[in-house]
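For the protein sequence lines, the chains are A, B and C, in the order given.
Residue 514 in our numbering sits at position 128 of the first sequence, and the numbers go up by one each step.
Residue 451 in our numbering sits at position 65 of the second sequence, and the numbers go up by one each step.
Residue 489 in our numbering sits at position 103 of the third sequence, and the numbers go up by one each step.
Don't take every hint at face value.
Footprint (simulated), chain A over chain B, 3 or more residues, beta carbon under 8 Å [said to hold, decoys possible]:
| id | stretch |
| --- | --- |
| 1 | 397-404 |
| 2 | 412-426 |
| 3 | 493-505 |
Reference excerpt, derived from the structure (chain C facing chain A, CB under 10 Å, subset only) [stated by the list, open to error]:
| id | residue |
| --- | --- |
| 4 | G398 |
| 5 | V402 |
| 6 | T406 |
| 7 | P407 |
| 8 | L432 |
| 9 | E436 |
| 10 | G440 |
| 11 | T483 |
| 12 | G520 |
Just so you know, the hints here were simulated from the structure itself, not pulled from any lab data.
A virtual CB, placed ideally from N, CA and C, is assigned to each residue, including glycine.
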Amino acid sequence: MRSEIIQVNTGGRARVCDLTPDCERFVSDASDGLLSVFVPHATAGLAVIETGAGSDGDLLHLLDGLAPLDGPWKHRHGSPGHGRDHVLPALVSPSLTVPVLAGRMQLGTWQSICLVDTNLDNLDRQVRLSFLAG
Amino acid sequence: MRSEIIQVNTGGRARVCDLTPDCERFVSDASDGLLSVFVPHATAGLAVIETGAGSDGDLLHLLDGLAPLDGPWKHRHGSPGHGRDHVLPALVSPSLTVPVLAGRMQLGTWQSICLVDTNLDNLDRQVRLSFLAG
Amino acid sequence: MRSEIIQVNTGGRARVCDLTPDCERFVSDASDGLLSVFVPHATAGLAVIETGAGSDGDLLHLLDGLAPLDGPWKHRHGSPGHGRDHVLPALVSPSLTVPVLAGRMQLGTWQSICLVDTNLDNLDRQVRLSFLAG
């Protein structure tokens, strides 16, 4: 299995960061198999959504409503809202698997692989890409 | 890796479509390995739930409550509610991996693999099944 | 592919059970590859969260708010709230894939692999661990 870490700087605000170009590059020399995308952080997740037409903002707004920053979170380390960030990965999983054929991810036309990160206390994030050939 | 696409017609209403028979057939000649189920659409997801006892309707009702059709979605292409459809895959992921032993998925008794699709603008859907032997 | 089932007793209350030690042991002799964690039950899921700082309780509280025990669930078998338990796996998936290098899961410092189980009618649960080398 081939595996590498990419670095993402989220810039200090809640973000939906498109990782698709990094994933495309990572599998471009590959054959057929499964791409595993994995975020080794406890306050971020991965979503496969359309970007650039408003849905990235819609998703952050949805998450603010489902798990409000000022909710009665017991986890109170870090900045306000950090307790909320810690339940996010239960709804938006940090693990994703994508089929790859002849070095191309089999995504749909409007799908992008996105890091969803509402944590404002940690701007330098890692994402692990792994490819298992088959 | 063996991979194929199956076609699903959702019939023009929000649907939970049971894909289990298709998945069973796809792996029936396989040995041990992982089945990847992947939906190449930006407005649908996959859930492993019990079907036939009301939970499929319960799930659609739940999603209508969490992400209402008439919410303040910025994504406003397509029919009313299409903005909601575009955040669905962040909560109900389009990617699922199921362990297979001797050609049989290791599902529990009451588990079915289901396409969750609330998009009324695209009735002809595809689902990619891939099997990685190990 | 190597595969085994572990047993978990949830003790008769809603629980977030840390499976990380079991997963670590399972892959400790492995090389590189993907670990598949799969719950063969229709009323439980898997989350990768921090444990021990309040987020496990926060998650159960969040789920109680998103999908209330006394909601208008059509699925009415079992104890009160069982209809709610049956939609949980659509939000908290029973399937998870984790990259493994040289016998070590590539989790982040604060990540634990957890069974999320709100079902009070079935205390003896199984979780399937499978490792696909690559």
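Status of the hints after comparison with the structure:
Counting residues of the stretch 397-404 of chain B whose CB lies closer than 8 Å to any CB of chain A gives 0, so the stated coverage by that chain is violated, three being the minimum. Beta-carbon proximity to chain A at under 8 Å applies to 6 residues in the stretch 412-426 of chain B; the threshold of 3 is reached and the given coverage holds. Evaluation of the coverage hint for the stretch 493-505 of chain B: breached, as 0 residues show C-beta separations to chain A shorter than 8 Å, against a requirement of three. Here the hint on G398/C is broken, as its CB sits about 22 Å from the closest CB of chain A, past 10 Å.
Against a cut-off of 10 Å between C-beta atoms, the interface hint on V402/C holds, since the closest Cβ of chain A lies about 9 Å away. The criterion of a C-beta within 10 Å of any C-beta in chain A is not met by T406/C, whose closest approach is roughly 12 Å, and the hint is violated. The beta carbon of P407/C comes no nearer than 17 Å to any beta carbon in chain A, farther than 10 Å, and the hint placing it at the interface is violated. Because the smallest distance between the Cβ of L432/C and any Cβ of chain A comes to about 8 Å, under 10 Å, the interface hint for this residue holds.
At about 4 Å, the closest approach between the beta carbon of E436/C and any beta carbon in chain A falls short of 10 Å, and the interface hint on this residue holds. With a least beta-carbon distance of about 3 Å to chain A, the hint placing G440/C at the interface is held under the 10 Å criterion. Interface restraint check: T483/C against chain A, minimum CB-CB distance 5 Å, threshold 10 Å, status holds. With 10 Å as the threshold, the beta carbon of G520/C comes within range of chain A, its nearest partner Cβ sitting at about 4 Å, so the hint holds.
The earlier numbered hints that this structure contradicts are 1, 3, 4, 6 and 7.
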